[in-house]
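K.L.:
Build out the structure end to end from the sequences listed, making use of the hints.
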Amino acid sequence: DGGDDLFVHQSEIKTNGYASLDEGQKVDFEVGQGKKGPCATNVIPC
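The sequence shown: position 32 = 32 (the UniProt record's numbering), numbered continuously.
Check before you lean on any hint, since a few could be wrong.
[Said to hold, decoys possible] No more than 25 Å apart at the CA atoms, straight line, and that leaves these computed lysine-lysine pairs for PhoX-like:
1) K36 - K26
2) K14 - K36
3) K26 - K14
4) K35 - K14
[What the hints assert, rightly or not] Computed Cβ-Cβ distance ranges for the label pairs, DEER-style:
5) K36 - N16: 17 to 25 Å
6) G3 - K36: 14 to 22 Å
7) G2 - E30: 13 to 21 Å
8) Q33 - Q10: 13 to 21 Å
No lab work stands behind these hints, which were simulated from the structure alone. Ideal placement from N, C-alpha and C gives every residue a C-beta, glycine not left out.
P.N.:
What follows is the structure, given as structure tokens:
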């Protein structure tokens, strides 16, 4: 909440149906390490 933005790949969004997020949408996630730096993993929309 109010932290830095992280890259999230569509394949990391854990939901039924089309995996997409809206700007500002609240999610639970873990921080992983990607090729270009930190990224969000295991993203679950709230």
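K.L.:
Does 13 to 21 Å hold as the CB distance between Q33 and Q10, or does it fail?
P.N.:
holds (18 Å)
K.L.:
A range of 14 to 22 Å was offered for this pair. Does it hold for the Cβ distance of G3 and K36?
P.N.:
holds (18 Å)
K.L.:
Within a Cα-Cα threshold of 25 Å, do K14 and K36 meet the stated pairing?
P.N.:
holds (22 Å)
K.L.:
Can the restraint linking K35 and K14 be considered satisfied, given a maximum Cα separation of 25 Å?
P.N.:
Given that 25 Å is the threshold and the Cα spacing comes to 21 Å, the pair holds.
K.L.:
Quick one, are K36 and K26 close enough, alpha carbons at most 25 Å?
P.N.:
holds (24 Å)
K.L.:
Starting from the hint 17 to 25 Å, judge whether the C-beta atoms of K36 and N16 obey it.
P.N.:
Given range 17 to 25 Å: violated, Cβ gap about 29 Å.
K.L.:
Are G2 and E30 spaced within 13 to 21 Å by their CB atoms?
P.N.:
Once the Cβ atoms are compared, 18 Å apart, the range 13 to 21 Å for E30 and G2 holds.
K.L.:
Mind checking the alpha carbons of K26 and K14 for me, to see if they're no more than 25 Å apart?
P.N.:
Within the cut-off at roughly 13 Å; holds.
Violated hint for the displayed structure: number 5, the only one.
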